[in-house]
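**Student:** We have chain A; now place chain G onto it with these hints.
Protein sequences, first through last, are from chains A and G.
According to the numbering used here, the stretch in the first sequence is residues 1 to 183, in order.
According to the numbering used here, the stretch in the second sequence is residues 1 to 183, in order.
Read the hints as simulated data drawn from the structure, not as lab findings.
Possibly wrong hints are sitting among the right ones.
What the hints assert, rightly or not - Covered stretches of chain A (chain G as the covering partner; in silico rule of three or more C-beta atoms under 8 Å from a C-beta of chain G):
#1 58-67
#2 122-132
#3 141-152
#4 158-166
Quick reminder that beta carbons are idealized off the backbone N, C-alpha and C, glycines included.
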Amino acid sequence: MGNVDGRATAITVLTPVWPGATLWLKLLFFLGRHLEFTLEKLVTLSFIHYARWTIVTRFPDGGRGERLRYSYLFFESNFNGTWEEYIDAFSEVVPWRMRAIWFTSFGFPGPLPVGPFKDYIRKNEFVANHYWSAYPDAATTEVLSAARLATAAAGLRATAEAMTPQEFRAAYDRMLTSVQHDL
Amino acid sequence: MSAESKNVSGQAYSLTVMAPISPGRSSELAAHLDDLGSGDDSPLAKVPSTHFARWVVLDALIYEGGRQRHDSWSGPRLLFTSNFDGPLDAYLEGLRTGLGAAGDAIWEHCTDYPGHRDAGAFNRWMRARQLTSSLFFAAYGDQTVQQVLDNLRVRQWLTELALKGQALDDAELQDRFLREYPR
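The following block holds chain A by itself, in its conformation from the complex (with noise of 0.2 Å):
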């Protein structure tokens, strides 16, 4: 049981939805889906996988759904690093971007000062009670540069063969040149 895996943590919120705002999360998570800058903080955030949004108006039960007073928030992230870190990050990078989404929940507190806001999370959060990953400790970063150190290596990979070994060096040497960041 836990939220942990390797280096990978997940997190799992739900939370109730004051009456109404649904219209304003529904709008908020169109802009999302079509403006590109509005995702790209996260990915200067740099420790995130994947994560999700989904307004939950109707709990799955087979048929029509079952409706409850309040529709919900659900919330999931798989991120590298510590559940403390990640809080931390949220809420000093993109803290108008988290007012925006959880303010329209219950109790929501605000993304600073961070300790109600982690009081808040804590509160709302579901603990997993089975966590997996395909690569549980490469962080985020790593998965990034890989694809990029990989790119380049196949690059020289395609003609290296028909190289004098000099000619390889040299090419290697530019290779790792253009790539000693991602190493």
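**Tutor:** Here is chain G on its own, set in the frame of chain A:
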């Protein structure tokens, strides 16, 4: 934008399945999930193309107090989420066959679960309990699990070669690069 496309970023797919748990069985289910093996021993290790996945027993709705009124539902839910290489139907089939009896041991705690032997019934049961993502973020939605694993292997190999390469002459370096290139 179709409901289905909201679940997608690049080739990555965000699956959210929320199923009612049979009355009185949520504690037993939570204990079963808590005891599942981790890493290669996790049943999810046998489900191809899964990046990150989790099971979470949602045992009670959160009550924030204040102006929120108590909400009630018909009972606890089992949440299953996965971030995987699309499309959905191929994944659900891999989920069905990969988990096999291990999947039955989990979802049999939920109402109307048909078991894994009937492919059509399993697919319909999952889809009838699926929630559509409102906003899905994938840091590298263009990369499959296999590509991520391959790239990480290249990264590790190249990092080691970069350290050893300084002591090799040009011909040895070229030879090792061509011989040891991971794919």
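**Student:** Tell me whether the statement that chain G covers the segment 158-166 of chain A is true, taking a Cβ distance below 8 Å and needing three residues at minimum.
**Tutor:** Three-residue rule met by the segment 158-166 of chain A, so holds; n is 5.
**Student:** Within the assertion that chain G covers the segment 58-67 of chain A, do at least three residues meet a Cβ-to-Cβ distance smaller than 8 Å?
**Tutor:** holds (count 6)
**Student:** Does the segment 122-132 of chain A contain three or more residues whose Cβ lies closer than 8 Å to a Cβ of chain G?
**Tutor:** Since three or more residues must qualify, the claim that chain G covers the segment 122-132 of chain A holds, with 9 doing so at under 8 Å.
**Student:** Can you tell me if the segment 141-152 of chain A counts as covered by chain G, using C-beta to C-beta distances under 8 Å and a minimum of three residues?
**Tutor:** As far as the segment 141-152 of chain A goes, the hint holds, because 8 residues have Cβ atoms under 8 Å from chain G.
The structure shown violates none of the earlier numbered hints.
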